[in-house]
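Engineer: Start from chain A and add chains B and C according to the hints.
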Amino acid sequence: MALSDQELKEIAYLARINVNEESLTSLKKELEDILGLFEELNEADTSQVSAMSHPLDLSQPTRKDEVTEENLREELLKNAPSVKSGLFLVPKVIDGDN
Amino acid sequence: MKNYSEDWEAVIGLEIHVQLSTKSKLFSGASTDFGALPNTQACNIDLAMPGVLPVLNEEVLRMAIKLGKALNAQINSPTSFARKNYFYPDSPKGYQISQMDKPIVENGYLDIETEVGNKRIGVTRAHLEEDAGKSLHDDFEGQSGIDLNRAGTPLLEIVSEPEINTPEEAVAYLKSIHSIIRYLGISDGNMAEGSMRCDANVSVRKIGDENLGTRTETKNVNSFRFVEKAIQYEIERQIHELESGNKITQETRLYDSQANSTRPMRSKEFANDYRYFPEPDLLPINLENEFIEEVMASMPEMPNQKKERFVSEFNLSEYDASLLAADKDLADFFEEVAKVSNSPKLSANWIMGELSAELNKENLSINESKISSNKLGQLILRIEDGTISGKIAKEIFEKLWSSDNEVDEIIKSEGLEQVTDDKEIESIIDGVINNNTEQLEQYRSGKDRLFGFFVGQVMKASQGKANPKQVNDILRKKLEK
Amino acid sequence: MDLHKLSLNQQLNGLKEGDFTSTELTSHYLDRISKLDKELNSFITVTEDQALLQAEAADKRYKDKNNLALDGLPIAHKDIFCTKGVLTTCGSKMLSNFEAPYSSTVYEKLDNEGMVMLGKTNMDEFAMGSSNETSYFGPVKNPWDTEYVPGGSSGGSASCVSAELAPVATATDTGGSIRQPASLCGLTGIKPTYGRVSRYGMIAFASSLDQGGVVARSAEDAALILEAMSGHDSKDSTSLKLDKPDLTKGLDDSIKGMKIGLPKEFFAQDMPVYIEKSIEEAIEVYKSLGAEVVEVSLSNINLSLPIYYIIAPAECSANLSRYDGVRYGYRCENPKDIEDLYMRTREEGFGKEVKRRILIGTYALSAGYYDAYYLKAQKCRQLVANDFSEAFKSVDVILSPTTPGTSFKSGEKANDPIEMYLQDIFTIPANLAGLPGLSVPCGEYEGLPLGMQLVGNSLEEAKLLQFAHSYQSNTDWHKKMPNI
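Residue numbers (this note's numbering), protein chains in the order written: chain A, 1023 to 1120; chain B, 76 to 556; chain C, 2 to 485.
Pulled out of the complex, with its shape left as it was, chain A reads as follows (with noise of 0.2 Å):
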């Protein structure tokens, strides 16, 4: 199964992986071999079936619409790699939506 250095180069976009020139030769042909495998899947019958996503056949729960979460900003923002005034600092964004 083939993957054009293109499409290599978008699917990487689309995870926000940096893959640097010299390693995209050997990560193709590893990503060729893995969906290799995919292929395995086209000559099963699948038309009685339908899509499993949960392996429990169970219906979702729901929480009263109460406040139980306390202020804890100080503790969930002690790993943070930059932050100022209480804020996640990240280099500007632009063309923000608000």
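Hint data in this document are derived by calculation from the structure and do not stem from the laboratory. Any given hint might turn out to be false.
[Claimed, not checked] Some, not all, of what chain C presents toward chain A, calculated at C-beta under 10 Å:
| no. | residue |
| --- | --- |
| 1 | Y195 |
| 2 | R332 |
| 3 | L360 |
| 4 | L384 |
[To be verified] Here are the in silico distance ranges between beta carbons for each label pair:
| no. | chain 1 | residue 1 | chain 2 | residue 2 | range |
| --- | --- | --- | --- | --- | --- |
| 5 | B | E368 | C | D417 | 58 to 64 Å |
| 6 | A | G1108 | B | N265 | 21 to 27 Å |
| 7 | A | D1067 | C | D417 | 30 to 36 Å |
| 8 | B | S332 | A | N1093 | 33 to 39 Å |
| 9 | B | S447 | A | N1093 | 35 to 41 Å |
| 10 | C | K36 | A | T1090 | 43 to 49 Å |
| 11 | B | E365 | C | T476 | 53 to 59 Å |
| 12 | A | K1106 | B | D331 | 25 to 31 Å |
| 13 | A | E1044 | B | L112 | 42 to 48 Å |
| 14 | C | F21 | A | T1090 | 39 to 45 Å |
| 15 | C | D417 | B | G320 | 55 to 61 Å |
Remember, predicted model here, so these are calculated numbers, not experimental data. Using N, Cα and C, we set each Cβ at its ideal position, and we do this for glycine too.
Structural biologist: Just chains B and C now, kept in the frame of chain A:
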């Protein structure tokens, strides 16, 4: 105002995001209160800490079902969630939990009023999804600050069929939705604050063409007025492009209210592949019939029903009923006034007249009215029972607006009761006639217009308190003599 | 006294009887860890101070006679379970500095029973691997022969229990990550029914496949801990609405007349002779205990590997999107814009296997491929589940080898992803169907242990453990420990 060639038609679809007014978030127990300090209402689930899992807020199901009923739509059961994958700093998980295949509400419609009568706009679907956080750009030296308080707040995204054809229709649709969500109490629908957001999908085509043109999506319109202007701008822009021989690029555009124009957002084309797949951390939701029925039974009277009732019960005109029923708070205010005063027609007039004028002058909403519904009702009651005249009532209205006094208090303390004693009126009239013999001559010799002059003089002499009808009758008799 | 030679129940009784204290027991293990773990690298974090404090508290409760059910018993936790205030790395550079701000339900349940945490065990990065060679914190060694791998992803848990550095350890299993290391290290490892153990606080790899479980030295030991770990958790929507099951009561019950199914598709494959032989011997033991052995057919079982390698990467590609250098974890240096922040943080913070799987998953979900791959895989998954349902109409448990061989040398399969993936060929089906499965030691070849797998019907962990215990009451494989 159309300034493009007449053979184009616009095709518009609106995606409206409604922030639901639950106490806690869609999938976590953090508070949804507005205005808290950054990240003080973002728990570990909202911050997408490793290992956390979503748990569904039951209230959103009720809210969605109510909306579905109000939109004449079907409620899907089971309904399920899906992951919409994209990277953005205000989206902590790197995916948004939304709905793809089986949205909770589907196939509904809304009737709007246009210049040419009723038009039915289809509502394709309404689905639940979580809101993202906010990015703040000032004061961070070239960086952006991310506040995740809003992340995880429940939204209902309402998607219309592309059956809207003018900016005016778009606004009518938007206003209808706004009215409905406020009626249902599921959202405060405040566009300026962001609890109701509108994205417009716009395309144009030659009239008669069955194919849809390429559409653009316009975001960042945060008022009814801007929605209308943005759509108008986009229609004209697209027509201009096409008439110049260019193609329309399918893209997302941002509306700039200062410049009244739209510009494209910068993003890579294929980056819009959201790779939707069923959310494995949440199970399908089965909505029992009893539950759905119980929720629907608990719904308040909706705008259309209320309007009909105002016409049949209170004998209001369609126009008056429509106006009053459109806003729930206004409708409630009206009914209270009508109840106290026992005169719905007069109540409607005063609310749409005097009261509206005063509210508009000071830019207040009905909830901020300086005269309560009870007081206004009492004032109107005193007109109805003849205690005061309509003219005097207007004066009293001004006094009520700027003070805390009661209606009867003011009437009594300032002696504003109407004069209704015939003898008293007679004597006032006699006095006026005696002081204006020249006009009397003129009137008797044919100048009928002077009747108004005499009425004015009588009202002045009685400080406006003489009952106008009685003045009319008695004056006429006296002048004829 | 060689306290580490005692079974969990013996240790628990010893504590109850006052034969020794938890502080003595805990210190004994901490001592062994400090001496022996350098070579094995089975721990990422040893929580020495905290452990001694917990032990002290347990001792006090024993003295005051208000001790908890598992009070004072030491345990090691796979570093995939969030433990508040303690480094929780998931074997990754991405979380190498992450101190969890909350604890997983699994940790809390065991903590509430008084268990003493010795530390967090090493693991394949983000639970992806079958040899524990992908950990940012270095590979884990198999105590039976340190040139060999312990299996993965719960390699650290298996290694430390096998080396008797902890009497028992928690672990997780998505495609075999408890059972396969258990097999390679001569231990008993159990993955329960999907939904039995809460996933809250268990760092997600593939949400519809992940389950928490136990690696222990016997079915008896495993039963004790799995019971305490299980039960409904309202914080996990996919958690079964059932209370803690009773897994210890029926352990000694006879398996006479019960049926063991042998899937013909598994046994049709080429298998090393020594594996075939050990399975045959195990079957003889079971027959001697009165069980019947029956052939069953799981006709779609050979689709398991491709199904798994579409679904697991797809789910993981989304689950790992949160590791972006914004709110916690690793961040690249001097990001020039937001895209650079994401691209380089994730390039540098993730290891090769993790990146491979994220890319595979992204591909499988992408426009144009979703139907052919992801959707198709989910449908095929239903076929596999249906096969099991059908088989369990006629048998009580299904038996097979756990792994296609004994352990292999470090580095041997590290450069061949597919070779590595084949390690899980017997274990993956149970995850796809959400069924409970365990591995018990049943043989040895050239000085390395091997195990057999038992898969049970939904919610039948007790039956599985009963079968395992029955076997262990009549054989000695599980009693063999490596000499270190």
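Engineer: Hint by hint, which ones does this structure get wrong, listed from lowest number up?
Structural biologist: none
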